[in-house]
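Chains as they are written, first to last, in numbering that gives the first Met the number 0: chain A, 0 to 149; chain B, 0 to 149; chain C, 0 to 149; chain D, 0 to 149.
A hint or two may mislead.
Identical chains share a label here; the pair holds if one copy fits it or two copies do between them.
[Said to hold, decoys possible] Calculated cross-link-like contacts (lysine to aspartate or glutamate; reagent style EDC-like; alpha-carbon spacing at most 20 Å):
no.: 1; residue 1: LYS125; residue 2: GLU42
no.: 2; residue 1: LYS130; residue 2: ASP99
no.: 3; residue 1: LYS130; residue 2: GLU11
no.: 4; residue 1: LYS125; residue 2: ASP48
no.: 5; residue 1: LYS130; residue 2: ASP80
no.: 6; residue 1: LYS130; residue 2: GLU4
no.: 7; residue 1: LYS20; residue 2: ASP47
no.: 8; residue 1: LYS109; residue 2: ASP120
no.: 9; residue 1: LYS109; residue 2: GLU4
no.: 10; residue 1: LYS125; residue 2: GLU144
no.: 11; residue 1: LYS125; residue 2: GLU11
If you're looking for bench data, these hints aren't it; they were derived computationally from the structure.
There are 4 protein chains.
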Amino acid sequence: MHTPEAFDSAFEIRVRSSFAKQGLMSTIGARVTHVAPGEVDVELRFRDDLSQQHGFLHAGVVAAIVDSACGYAALTLMPPDTAVLTSEYKINLLSPAAGDAIIARGRVLKAGRTLVVTRGDAFALKEGEEKLVATMLATMMTVRERGLRD
Amino acid sequence: MHTPEAFDSAFEIRVRSSFAKQGLMSTIGARVTHVAPGEVDVELRFRDDLSQQHGFLHAGVVAAIVDSACGYAALTLMPPDTAVLTSEYKINLLSPAAGDAIIARGRVLKAGRTLVVTRGDAFALKEGEEKLVATMLATMMTVRERGLRD
Amino acid sequence: MHTPEAFDSAFEIRVRSSFAKQGLMSTIGARVTHVAPGEVDVELRFRDDLSQQHGFLHAGVVAAIVDSACGYAALTLMPPDTAVLTSEYKINLLSPAAGDAIIARGRVLKAGRTLVVTRGDAFALKEGEEKLVATMLATMMTVRERGLRD
Amino acid sequence: MHTPEAFDSAFEIRVRSSFAKQGLMSTIGARVTHVAPGEVDVELRFRDDLSQQHGFLHAGVVAAIVDSACGYAALTLMPPDTAVLTSEYKINLLSPAAGDAIIARGRVLKAGRTLVVTRGDAFALKEGEEKLVATMLATMMTVRERGLRD
Numbered sequence: 000m001h002t003p004e005a006f007d008s009a010f011e012i013r014v015r016s017s018f019a020k021q022g023l024m025s026t027i028g029a030r031v032t033h034v035a036p037g038e039v040d041v042e043l044r045f046r047d048d049l050s051q052q053h054g055f056l057h058a059g060v061v062a063a064i065v066d067s068a069c070g071y072a073a074l075t076l077m078p079p080d081t082a083v084l085t086s087e088y089k090i091n092l093l094s095p096a097a098g099d100a101i102i103a104r105g106r107v108l109k110a111g112r113t114l115v116v117t118r119g120d121a122f123a124l125k126e127g128e129e130k131l132v133a134t135m136l137a138t139m140m141t142v143r144e145r146g147l148r149d
Numbered sequence: 000m001h002t003p004e005a006f007d008s009a010f011e012i013r014v015r016s017s018f019a020k021q022g023l024m025s026t027i028g029a030r031v032t033h034v035a036p037g038e039v040d041v042e043l044r045f046r047d048d049l050s051q052q053h054g055f056l057h058a059g060v061v062a063a064i065v066d067s068a069c070g071y072a073a074l075t076l077m078p079p080d081t082a083v084l085t086s087e088y089k090i091n092l093l094s095p096a097a098g099d100a101i102i103a104r105g106r107v108l109k110a111g112r113t114l115v116v117t118r119g120d121a122f123a124l125k126e127g128e129e130k131l132v133a134t135m136l137a138t139m140m141t142v143r144e145r146g147l148r149d
Numbered sequence: 000m001h002t003p004e005a006f007d008s009a010f011e012i013r014v015r016s017s018f019a020k021q022g023l024m025s026t027i028g029a030r031v032t033h034v035a036p037g038e039v040d041v042e043l044r045f046r047d048d049l050s051q052q053h054g055f056l057h058a059g060v061v062a063a064i065v066d067s068a069c070g071y072a073a074l075t076l077m078p079p080d081t082a083v084l085t086s087e088y089k090i091n092l093l094s095p096a097a098g099d100a101i102i103a104r105g106r107v108l109k110a111g112r113t114l115v116v117t118r119g120d121a122f123a124l125k126e127g128e129e130k131l132v133a134t135m136l137a138t139m140m141t142v143r144e145r146g147l148r149d
Numbered sequence: 000m001h002t003p004e005a006f007d008s009a010f011e012i013r014v015r016s017s018f019a020k021q022g023l024m025s026t027i028g029a030r031v032t033h034v035a036p037g038e039v040d041v042e043l044r045f046r047d048d049l050s051q052q053h054g055f056l057h058a059g060v061v062a063a064i065v066d067s068a069c070g071y072a073a074l075t076l077m078p079p080d081t082a083v084l085t086s087e088y089k090i091n092l093l094s095p096a097a098g099d100a101i102i103a104r105g106r107v108l109k110a111g112r113t114l115v116v117t118r119g120d121a122f123a124l125k126e127g128e129e130k131l132v133a134t135m136l137a138t139m140m141t142v143r144e145r146g147l148r149d
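Next up, chain A with everything else stripped away, as it sits in the complex (with noise of 0.2 Å):
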């Protein structure tokens, strides 16, 4: 895969000032790790109140931080004065969500000029060794009108 490119040298701020307007990444303590044209990380500690029945990590958790790494990984590609939002996406769970901490990666397959097609992978943190335990494949929009900017 070739190296994709930004359209200017503001990606890395639109994505964190956007990232820290979302309630619930908050809510979650979610962070952001890693900004490159075509990539995000994000991070969180675990935590009782995220927990599903078993007492692993919520699905759902796990699914937002990798949504969120994939629509921010977009958004490096994306002009300025728009915005990104998810079309759908499509996750697969392989292992129980367990450990210290969890990383999402969100990578961009295909930059197109008005979707963006992303790959994005969950690794559970246990004792310094990463586990792969979810993958997700995503559509993201590019948004010009609605008055929506990130």
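Following the hints, complete the assembly by docking chains B, C and D onto the known chain A.
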């Protein structure tokens, strides 16, 4: 579609007690509003701390409650002494989730011995009107091992 | 769901003439049996040369006709001088596709300016009975550029 | 990812003999070009009778060979006396499938006792260059009952 049958009369108790153990559902304020064989509804009031960057309900929250509705719809048809895990799902986000509340309706399409395929729809409620904002196809797995039980 | 409206009365002609250009549909013997705004059905007779290894109809054939039904259901609501392309889909195979024929029903869930989200179901016909064997969620794209037209 | 292990040395024979029984693969001219534990490639030459309405290779054919590559990649890791069935998949079509041939590469991401999760990519070959045109996530099921065997 014929009416599916539960294994015993305790299916509603199993759904509600398992749901109560989900830290995340409590954290976001979701509650079960309907349980029948092959059917579960989950409802949530909008809150600012569950938003995405444009002020709508975060897609991750929408997905989490539709996933829960689908998973528990599947559980209503599973034998006692088993547990339900989400194997995978795909969600299409049709419109921004804006309004007063959101209702997720999970319904079983096909209940196999191991896999249960479900469909879930999310409706935004605004001034008494329902609007379809997301739709999901999800595969749930009946877990008979691993010491898990719902 | 409200009844969707086509842009003009030529939608059925556009669907049928575009379908007739698909080499694959002719090769596998599929034909359009119903066209209405937001709705297209495609039917296929079972043939041994379309089987998978256990003698059932190959999932690839099932997916191809459900995808076509969804794509043309979307096309009925698109403006003239545009073309339809499948952006992505997800299919769950619920039961082996066995019987005399299969009917794929594509229906529009949400028609946006660029993206049209559709649902498709495949039913196996055997001795007059219909059985749901697969279900799909698909995103179709309205193409206004690239010299394409349906 | 660690290298997965096959149950016995007959995995390649099982893949090739099962593939040979698929009427559809013969009809469309697909053939297996690579088999290793957790990996199968399927290749196909472009033909006009496999086209969609704009002259590209029909997405249904692309999906069928990626699905086959993923299913047989999963079969390489399954025990003897079992069969493989596709439970579900999701595909994103990234670019029109145009060129001389197409190669589908199926790879196992996670092999569980019952479910095997796979990723598949389709590359169009044109004048010696490979271009990614589609990507898939698929769940394969190990079938131990029903009298099926691959």
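Which of the numbered hints above does this structure break? 3, 5, 10 and 11
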